[in-house]
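Engineer: Generate the whole structure from the sequences, applying the supplied hints.
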Amino acid sequence: MDFQVVVLAGGNSKNLNPLVSKDVPKPLLPVANRPVLYYVLHQLGQSNLKDLIVVVEGEDAALLVGGWISKTFVDGLHVEIAAVPEDIGTAGALRAISHHLTAKDILVVSGDLVSDVPPGAVAATHRRHDAALTAMLCSVPVSGSSDSGSSGGKDKTKKSGRYNIIGLDPCKQFLLHIATGYEIEKDSRLQKHILHAVGQMEIRSDLMDAHMYAFKRSALQEVLDQKDTFQSLKQDVVPYLVRSQLKSEVLLNGISQAEENGNEKLSSLNNQVLVYQILANASTPSFHERYSMEPDGSSQSRKTHKCCAYIASNSSYCVRLNSIQAFMDINRDVTGEADHLLSDTSSDRDNIIGPSPKLGAKTTVGPQCILGEGSEIGDKCQVKRSVIGRHCRIGSHVKIVNSVVMNHVTIGDGCIIQGSVICNNVQLQERVVLKDCLVGAGFVVTMGNEYKGESLARKEK
Amino acid sequence: MDPRRTARTVSDPKVRQVGFFTPAAPPDRSASDLPRQQDPIQPKSPSSTQVNDHSTSGDSLSPVMIPPPHHHSDTVPRTALQVTSPKTAVSCSSRTVTVPTKNDGVPSSFSPGRKIVTVKSPSSYPGVKASTVPASELTTVSMVNLPSGISEKAGGASVEVQNDRPVSSKTLKEKTYKAERRALQEAQRAAKAAAKAEGTKASTAASKVMTSANTKPSKAAKTSSQKNDSSQVAASEKKIGERAPEKDRKKDAPHPRMQYDDTSRVEKAKKRAVVKQTEVRNRVELFRHLPQYEHGTQLPDLETKFFELDPMHPAVYEVGLQYLSGDIRGGNARCIAMFQAFKEAIKDYSTPPEKTLIRDLTARISSYVSFLIECRPLSVSMGNAIKFLKNRIAKLPLALSEPEAKATLTSDIDRFINEKIIIAEKVIVKHAVTKIRDGDVLLTYGASSAVEMILLHAHELGKQFRVVVVDSRPKLEGQLLLRRLVRKGLSCTYTHVNAVSCIMQEVTRAFLGASSVLSNGTVYSRVGTACVAMVAHAFRVPVLVCCEAYKFHERVQLDSICFNELGNPDAISRVHGREDISDLDGLVNRENLQLLNLVYDATPSDYVSMIITDYGMIPPTSVPVIVREYRTPVVLVSDSS
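Chains as they are written, first to last, in the working numbering: chain P, 16 to 476; chain U, 24 to 664.
Hints are computed from structural coordinates only; laboratory data are not their basis.
The beta carbon of each residue, even a glycine, is placed where N, CA and C say it ideally should be.
Pairs of lysine to aspartate or glutamate, DMTMM-like flavour, derived with a Cα cap of 20 Å:
#, chain 1, residue 1, chain 2, residue 2
1, U, 366, U, 437
2, P, 414, P, 394
3, P, 450, P, 344
4, P, 187, U, 593
5, U, 370, P, 17
6, U, 366, P, 145
7, P, 187, U, 603
8, U, 378, U, 425
9, U, 486, U, 529
10, U, 366, P, 17
11, U, 418, U, 437
12, P, 373, P, 391
13, P, 119, U, 371
14, P, 414, P, 465
15, P, 119, U, 367
16, U, 511, U, 463
17, P, 187, P, 221
18, P, 318, P, 145
19, P, 399, P, 388
20, P, 187, U, 350
These stretches of chain U come out as covered by chain P in the derived footprint (C-beta under 8 Å, 3 or more residues):
#, stretch
21, 344 to 353
22, 437 to 450
Structural biologist: Put into structure tokens, the structure is as follows:
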């Protein structure tokens, strides 16, 4: 379909400290015992998009991610990994791989998107309107806004996610305004000429930008070339394209130009014009066309491009893993209400326990739980709404509620863990009580300690 | 196509007269025809056709007023009939393309297109052949001989051959008078009655004697069995071929147009469909046979499959989406958009190994077409265009290399767009402008591209006239036209169709566009046109219909019921831009409420003063002449020679 897919997988996100580490970059962060990147790749693969470019920040992370992908999607996908330097932002990452982009349209997906919205829908909307940009919007997850305060004010993106302000035209097809957190805290500027051209704008704050975009390649490359200060797709490129849609500078030497050139070569120029005219007259003009014609009549004096929105239906699941809270939520949802994302959920029970885990006597595993293979749980334990990774050893009388326990974790007898994330290779000695804590990889919590709402991580040496 | 026609013949004559018809003309004619025809036909069934053909053609000459000199053209195909064997093979050729795919059960292939097919596709077959035969006989025959043998080996039985036969004979008939066909319809009706009475006897006889006329009763029987009217006839049909009736039915070359009130067939079609279609529950009784879907669900569903439809070319897919969402509408625009998509598809096409371009590309195009049909039923213009393209593909010389063939096809498409649409419109404009005088008040309805060009051109010529744009909900296409006219400086009046009787007093001419002009002069156009034409007629205002000749169709249609398109019912239950008018909210899904949003209607020729086409200004009674004379476009003949 002449679409190229770029997955921006990211690298070591600061927002997710201490969960991500050198060994576990953000794309490999387990969600229900699968790396978060799996969900995106799986979704794309299902849509028959098998040629992907995965952009990872940092060489090491790229190696790790590449290794994992080649192991997991051995025959299913054709994936190319591109490593880009850290901290150049999403726009920078695209700029770095810009010369690899050849297709007519580019689908840019964030690697941390866990969603069941088919990417084809975005692409089709994009094509149907021949837009320069199509953004997928989804409703803001309800749980995301509940502040458990566990991760404090570290996550800017989460905040801006909450304050997304999006302007749509009355048919909800075109994107008229998009603003993220920062701008709104001061003032939000609406483009008067856009408002004038459309006549009506619907301002929504219950939608958020899901970071799945379809770009017209020429437009995207133009913007990336011209505006080299742009760092982020979401905060710079997309708002810029939306802002300038009626004063387009991007498509000047894009496809439309090529078409015109083609026309002039034809001898029957007049007839071609007529054909286009008939085609144009047949469709209801959007405000773009009306605006471009306005001054005197027929001549297309003003360049415009279209920015479309695809609004995911309310029933579909769509969350970005960009904060600790989101991480917890996604883990809970994927095991719970959105379990269709786990493609191979074979058991019809509400919890997923492989054949290998050993459960001790009188141990109960509640609904919405996942136990990884090779894990052992002692006697009289309780596990509720939690994900436990592979090869964990859990002693007796342990209570794990609303938590995520990653791989190779050892938990001593009598521990109580609530609402916490415990990373790889952590040791909890006996009678540790954790509430709303984050325990970084390899940390050792000594016997009998109680923590509440803390982030525990090994000091970097 | 043939069964389709008989199906219509079978339908209750009372239903037919719904619409704008004065009760006098059509029933009268058929009543007078029927007894006359019945006599020669009933004894005929076991004997030869030729005699009968002559008699019917002679009989029905008068109603359509066809000039006599064409008798000799009538004889040419008949002699051809006797030599049929190569020609039957020709008709086999395009069928054999379908047979293997059907057996494989490949879902995306040709067969779905056939069954779901609405107005056009079935009829495209005979049409293709009709023009194939005379033009380049040598190549086609040589290429075809082999597959016809294969098909006989594969399918094998007499029934199949027999099924072919009527197609080929009909092909020839296409060259003969339309009036004759009309007569044949009557003949079929009579024959069917006979078949019903005689049951097995007649149809077994039919299977043995392979004249075209004889197959007709069995054909009629077939259609009736398909409609599940009479199990008796179906049983008799079983005896003919000693095969399962379903198999027969599958092989049956032109499928009847799908009747959407036949639940079992609809279910089957649904399984094949690319577009997920949820049927609307509350359909108006009279229009149950037309497809109507929940409009909300189609688009998102199709969108989600964007990347999953591998065989579909992106350009075709895009056009399909645009049809579905209503971004492209209007006969010309849809046709051009489709052809441009096909052009893209042909450009990117490469023949798979061990296949020939001619067959494979035809199948490919057919699958595209069936996809487009799922998005929105084809218009007559598109049907004719597709017929043209398939014909061109079939006629490609085998020796042609792939790039050459592709280049030929693209240039053919370009030429079609150019000659049949663009230049045609220019010619129409040239003709029509002569009918506009200073001081005229011209009325137009909806937004026809031809009418728009006429008005603009007349304005450019400096004629002083006023335009009344009549519009109607829900599409309000007239507003777009109005906008463009006003911008060009024409003085316009805008009104809705409700007020047409008031405004008609000052109108001096009515220019109307058309989706299609049928061979009985009926103008098939945007719903409301008939009403406007009738009012104009009542006010003695001349009604000039502007329609390109490629939109003409040999079909005869007496009402707007049997073929039509149902639009989105929600469009009429809501008022655009007035959210406060919500009287129907919550009522839409009530059992006892049925919403009808028709898209087209048929204007009887009585109300049409003149049809302006690229071949000149003609009275509606001359439409069959145009259809006959220019059916095989002049381009083709001159081209191949």
